[in-house]
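Student: Take a look at the letters that make up each chain.
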Amino acid sequence: MAEPQHTTPQTEADEAVARRLARLAAMPVDTSRLDAALLAAIPRRPARLAMWLRPARAVAALLAVAVVVGLVTWTLSGGPAVASAQEMARIHDDMVAGRIAITRVDSLEEASRVLSQQWAEGPSLPQMPAGHAMACCMASVGGKRMAWVMFRDDQTPITLAVARASDMRVPAGPLQVHHGVWYHVQSTGVLNMVSAQRDDRWICLIGAVSTDRLIEIAANLRF
Amino acid sequence: MCLDDGGAAEVRLSAKATKLFYDLVWPQRAFVLRASRVLVANAHDAEDLAQETLMKAFRAIDSFRPGSNIRAWLMTILRNARIDRLRAAGASSQALSLDDLELDPPARADSDEVWFQPQDILGAFSDEQIIEALGDLPEEIRWTLLLVDVEQWDQREAAALLGVPVGTIKSRTHRGRAMLREALRPLARRMVHKQAGV
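Taken in sequence, the protein lines are chains U and G. Residue numbers for the first sequence follow my numbering, beginning at 146 and rising by one. Residue numbers for the second sequence follow my numbering, beginning at 26 and rising by one.
By construction, these hints were calculated from the structure, which means they are not laboratory data.
Just some of the chain U residues that point at chain G, by a computed CB distance under 7 angstroms:
{"#": "1", "residue": "Asp159"}
{"#": "2", "residue": "Ala161"}
{"#": "3", "residue": "Ala163"}
{"#": "4", "residue": "Ala170"}
{"#": "5", "residue": "Val174"}
{"#": "6", "residue": "Ala182"}
{"#": "7", "residue": "Leu183"}
{"#": "8", "residue": "Val335"}
Cβ-to-Cβ under 8 angstroms is the rule here; a few derived chain G residues that face chain U:
{"#": "9", "residue": "Thr43"}
{"#": "10", "residue": "Leu58"}
{"#": "11", "residue": "Arg62"}
{"#": "12", "residue": "Val63"}
{"#": "13", "residue": "Gln76"}
{"#": "14", "residue": "Met80"}
{"#": "15", "residue": "Gln144"}
{"#": "16", "residue": "Glu176"}
Taking CB as the label site, the calculated pair distances span:
{"#": "17", "chain 1": "G", "residue 1": "Arg214", "chain 2": "U", "residue 2": "Gln231", "range": "52 to 62 angstroms"}
{"#": "18", "chain 1": "G", "residue 1": "Gly92", "chain 2": "U", "residue 2": "Ala170", "range": "15 to 25 angstroms"}
{"#": "19", "chain 1": "G", "residue 1": "Lys41", "chain 2": "U", "residue 2": "Ala265", "range": "42 to 52 angstroms"}
{"#": "20", "chain 1": "U", "residue 1": "Gln300", "chain 2": "G", "residue 2": "Gly192", "range": "33 to 43 angstroms"}
{"#": "21", "chain 1": "U", "residue 1": "Glu157", "chain 2": "G", "residue 2": "Gly92", "range": "34 to 44 angstroms"}
{"#": "22", "chain 1": "G", "residue 1": "Arg96", "chain 2": "U", "residue 2": "Pro188", "range": "20 to 30 angstroms"}
Glycine is no exception: its CB is placed at the ideal position from the N, C-alpha and C atoms.
Hey, can you work out the whole structure from these sequences and the hints?
Tutor: Set out below in C-alpha cells:
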C-alpha cells in the first residue's frame with residue numbers, strides 16, 4: 146500500500162485522538178475474576194502426585210511435614226504461632242480466589258462490624274485512609290485467630306491480617322524501618338508481605354505489589 | 026467466565042512452567058485484560074479473551090525467550106486468540122476484511138464544528154464511551170489504534186505483529202483516528218450542545 150500523504154503533519158484532531166487513546170493504557174481494570182479463574186486453573190503448587198514421585202521433593206515434603214507437626218505441637222503448647230510466608234500466602238490466595246468463606250463488605254467499618262460479631266474479644270481493625278474493603282473473614286494460623294480484610298490497591302488485591310500481638314511470632318528474616326516502625330519483610334512466589342507490631346496488634350499486609358508499597362500502605366494505617 | 030478448552034483438567038502442570046508463569050505473565054494480567062477491553066467492547070467477552078490468552082501463554086511459556094519483550098509476546102498470543110475466536114464465530118470474513126479500509130476517511134470527520142476543540146471534547150469522554158466507539162471500527166483498525174496509540178508501539182513493531190507494511194500502519198492509524206471521531210460524533214454533538222445550553 147502506498148504511503149498516504151495525509152499522515153504528516155498530523156492534524157490537531159489526529160493528535161487529540163492519539164492523546165485520548167493513550168490514556169486508555171492507564172484505564173483501571175478489575176482483574177479479580179480473572180485472578181480467581183487463573184489461580185483455580187494454574188495452582189501455584191505443582192500436582193501432589195508429581196511431587197511424591199520425585200525423591201528430592203519427597204524428602205523436602207517430609208521435612209515440611211516434620212516442621213508443620215513441630216509447629217502444631219509447639220502451638221498447642223500455648224506459645225505464639227509462627228506466621229510463615231507460605232501459610233499467609235495460602236490464606237491470601239484462598240481469599241482472593243473465593244476458596245474460603247468470606248463476607249462481602251463495602252467498607253472497613255462494615256468489615257469491623259462483621260468481624261467483631263465473629264470475634265468479639267479480638268483486636269480492632271486499624272483505620273485505612275480512603276480504604277475500600279471488599280471482603281473479610283476469619284482464619285487461623287497455627288491455631289491463632291486472625292481477622293482478614295481484602296481491599297484493592299489500584300487493581301491488585303491486598304489482604305490485611307490482624308491478630309493479637311501476643312499470639313504471633315514472625316520467622317527470622319529481613320527487617321525494614323519506616324518512620325520508626327520495624328517491618329518484617331517476607332515473600333513467596335509473586336506475593337510480598339510485611340508485618341509489624343502496632344500497640345497490642347500484629348498486622349500483616351500481603352499482595353503482589355512491592356514491599357515498599359506494602360510498607361507505604363501499612364504506614365498509612367491509623368491505630 | 027468460562028474456562029479455556031475444557032478448563033483446568035487439561036492443564037499439565039510443571040513446577041518450572043508454573044513459576045515462569047507467575048514470575049513473568051501474572052504481573053501482566055491487567056495489561057492483557059486492558060488490551061482485550063480495547064478490542065472487545067463487551068466486558069465479559071473481554072475477560073474471556075484475556076483468560077484464554079493467559080492460559081495459552083501458560084501452555085506456551087517454554088517458548089518465551091528470556092530477555093525478550095513479554096508484552097509483545099503476550100500481544101501476539103492475544104492476537105491469535107482473537108483471530109481464532111472470530112473464525113470460530115464465523116465472523117472472519119466480515120471482521121477481518123480490509124476492503125473497506127482503502128476508502129478515504131469520512132469527508133466530514135474534521136470539518137464539523139463539533140471538533141472545533143477536539144482535545145477538550147475527547148478529554149471529556151469516559152473510557153467506556155471511547156471503547157464503545159472503538160467497537161464500531163473494523164477489527165484491523167482497532168488493532169492498529171491499540172498498538173500505535175494506546176500502547177505507543179513503534180509503527181514498525183505494529184507492522185510486524187499485524188503482518189502488514191509500515192505504510193499500511195500509517196494509513197490505518199490516520200484513517201482509524203478519523204473513523205473514531207466519526208463514531209463519537211453524535212455523542213460529541215450532544216456534549217457541545219449541552220455546553221452551549223441548546
